[in-house]
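S.K.: Chains as they are written, first to last, in our numbering: chain A, 45 to 171; chain B, 16 to 108.
Derived from the structure by calculation, the hints contain no laboratory data.
Beta carbons are placed, not taken as given, at the ideal position from N, Cα and C, and that holds for glycine.
Any given hint could be a false lead.
[To be verified] Derived coverage of chain A by chain B (criterion: at least 3 residues anywhere in the stretch with Cβ under 8 Å from a Cβ of chain B; other residues may be distant):
#1 65 to 78
#2 93 to 99
#3 104 to 111
#4 137 to 143
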Amino acid sequence: MTNISHSTPQNGIALLNTSAPFSSSNAKDSIDLALIFGSYELAPSLFFFSDGVLQLIDNIDGDKISIKDFTKTFSALEFYDIEQVYVCEESLKQRGLSKVQLIENVEVLSNEQFSQKLASHKQVLKF
Amino acid sequence: MSTLHIIRTSPFATSDLSECLNILNSGDEILLVDDGCYGLSHDLLKSLDPYSVYVIEQHLVARGLNAVENIQTIDMKMMVELTLKHTNSITWQ
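So here's chain A without its partners, still in its complex pose:
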């Protein structure tokens, strides 16, 4: 027996988003899954990292390139009790973005806070 104790994760499901909105189907799959979990009262936490932060830019308009704009769904998250939305500050900075350019009700965290928050979840699904 070792004495190393690992704290038990306190939270349920985390969805880790690292893809730009229209680069693949990842971003859409992730939000769809979030809403499904939400409807079963398993509201996941959403994490946006690397190119994933680009999904949260406020005035995205998929119609311009004939893509159904799923990013509008983000405004419905609170109706599914999904209120834990975390964004990596470092990823924003690298892309020349700041919080004011993002949709509302997201929490910007430092790298360290972000990784700790992520580690506090029992399951992590990466998109």
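Fit chain B to the supplied structure of chain A, relying on the hints for placement.
M.R.: Okay, now just chain B, sitting in the frame of chain A:
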């Protein structure tokens, strides 16, 4: 002899843009399309003559990005003209 380099991927997620810059010749131009638009805020682009870089306006607006000073926003018709202006084109994707 000149080449139009068409960048289709995010330079933050792939190395396409930096690879392209490594083989850029004088007279070559760069066109940012699709996720390549995210290159507008990438440091790599700051080292370039801005007048040799173009971006498709439609793709920029769809991603909620703003145009950058000196980098020319163009439409699809002008994209076709650009491909004709150069001897060759390489699509980085």
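S.K.: Next step is simple, just say for each hint if it's right about the structure.
M.R.: Going through the hints against the structure:
no., hint, result
1, 65 to 78, "holds (count 3)"
2, 93 to 99, "holds (count 3)"
3, 104 to 111, "holds (count 7)"
4, 137 to 143, "holds (count 4)"
Every hint, counting from the list given before, is met by this structure.
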